[in-house]
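**Q** Chain by chain, the residues:
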Amino acid sequence: MSAPETAMRRVTAINNGTVLDHIPAGKALLVLKMLGLDGEMATPVSLVMNVPSGKMGGKDIVKVEDRELTQSELDRLALIAPHASVAIIRAYNVAEKRVVNLGEEVVNVISCCFNNCASLGAREPLDHRLKVATHEPLSLRCHYCGRTQDMETLVDNLL
Amino acid sequence: MTSLITMDDLSNDEINEVLETAEKLLPVARGEKYLPLLQGKILGNLFFEPSTRTRMSFETAMKRLGGDVVNLGSVASSSVIKGETLYDTIRMVDGYTDIIALRHPRQGAAQYAADSAEVPIANGGDGAGHHPTQTMLDLFTIKQAHGGLERLNIVLAGDLRYGRTVHSLAHALHRFNCDLVFVSPKGLRMPADIVSDLEALGAKITETDDLFGSINNADVLYMTRIQKERFPDEEEYRKVSGSFKLQASDLNEAKENMIVMHPLPRVDEITPDVDKTRHARYFEQAFNGVVTRMALLCKLLDVEIPEGEL
Chain A
9 MSAPETAMRR VTAINNGTVL DHIPAGKALL VLKMLGLDGE MATPVSLVMN
59 VPSGKMGGKD IVKVEDRELT QSELDRLALI APHASVAIIR AYNVAEKRVV
109 NLGEEVVNVI SCCFNNCASL GAREPLDHRL KVATHEPLSL RCHYCGRTQD
159 METLVDNLL
Chain B
116 MTSLITMDDL SNDEINEVLE TAEKLLPVAR GEKYLPLLQG KILGNLFFEP
166 STRTRMSFET AMKRLGGDVV NLGSVASSSV IKGETLYDTI RMVDGYTDII
216 ALRHPRQGAA QYAADSAEVP IANGGDGAGH HPTQTMLDLF TIKQAHGGLE
266 RLNIVLAGDL RYGRTVHSLA HALHRFNCDL VFVSPKGLRM PADIVSDLEA
316 LGAKITETDD LFGSINNADV LYMTRIQKER FPDEEEYRKV SGSFKLQASD
366 LNEAKENMIV MHPLPRVDEI TPDVDKTRHA RYFEQAFNGV VTRMALLCKL
416 LDVEIPEGEL
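Going line by line, the protein sequences match chains A and B. The first sequence begins at 9 in the numbering used here and counts up by one. The second sequence begins at 116 in the numbering used here and counts up by one.
Isolated chain A (complex conformation):
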């Protein structure tokens, strides 16, 4: 049995839902936070962390049962796991493979990390907009104040 297969079998196959694979090792909890999967929901969620991966050395995997994550939800993944692979599972089979896509701008997902940014003013109605400055490594700049975002604390500013 190859290493990836071993990794996949640490948790049982799901009937219906979404499997997120090739998440960088140790980032699965951040992924859950980014996707708003906070434990308050009824959906079962399984995760494995730091399993061996031929391609990545180590990786995390998240399986979300009975829920097909939307493309816009999945695009949030790109902020943490730009190379994650996503499979939509129906009746134990991979029904669809989806690609995580960051695009050029992240709108209304995360607010600017700079506390004096104009976009953070009370009741200001315009979209929160972070522009992708570079893809590899990922860096984001606020559309309004131009500040480079702190990628380590990005998830703390989730909207």
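It is worth saying that the hints were derived from the structure and are not from the lab. Heads up, a few of these hints could be off.
[What the hints assert, rightly or not] Estimated spans, in silico, between C-beta atoms of each pair: (1) 190/B to 156/A: 26 to 36 angstroms; (2) 142/B to 146/A: 45 to 55 angstroms; (3) 292/B to 51/A: 57 to 67 angstroms; (4) 80/A to 358/B: 49 to 59 angstroms; (5) 66/A to 263/B: 49 to 59 angstroms; (6) 154/B to 116/A: 42 to 52 angstroms; (7) 91/A to 292/B: 36 to 46 angstroms; (8) 164/A to 147/B: 52 to 62 angstroms; (9) 116/A to 117/B: 21 to 31 angstroms.
All C-beta atoms in this analysis are idealised placements derived from N, C-alpha and C, irrespective of residue type, glycine included.
On the provided structure of chain A, position chain B as indicated by the hints.
**A** The following block gives chain B in isolation, referenced to the frame of chain A:
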């Protein structure tokens, strides 16, 4: 070009074009000629922070060209104090005016306003962000003195950390292949992300705390104010401000055509005896705020300057 938020909104050709327009408008700025190019236009001056030069020079620029000005007045007596959002204030003034000059304590406010308004926004300073109309008047002053902007040795000295003026200016000067020398006390250095951005663009930068050793090679010495409140105690401030005090005798070995600039207000960093030297250029620089903003208002309002001599 719809708004001027950062210097990136202007290409080098556009910068040169605005500076040439400004040169042409000098007799109008001095009041020697009347040219009502902006008659019927209204500027909304929205200054959410105190400002003397920027606010007054925008107002003068508009009036010299036959236009009119409405002011926000003090923030304390406006609807801002009642909790009005920047968005709502801008949408309201957008309906009253043809162009808005904005100064705001929050960084990014000018872009936020530009995204809220139909009329052009001229950024008059947003927090620690940008101040492009100041940069344009600085470039105009440098061009007047040296005939051009290319390949000059520019010393930026003083508080380079908090001074938004020098941030925009450093970026702009690099675009004209100037060598940049950043002179500041420890703790007030140019922010690392600005230095690394400039270096990534290929800028030649020297960082030092030796002001007097940097003067003789300079074409421009741009001084800024070191603010007392940036220091933990009075003693530390006095020590640092003493080593950043420029006197006339410090300029004895300076190049003949070297100019000393300062965005003003100054406190102790340039002694009054420098005013009488051929190098002092800061009052002309302040005047240039009018003529440069006249040229920028015309550009932002898409008003053509008559060909030939005015």
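**Q** Among the hints numbered above, which are violated by the structure, and what are their numbers in rising order?
**A** none
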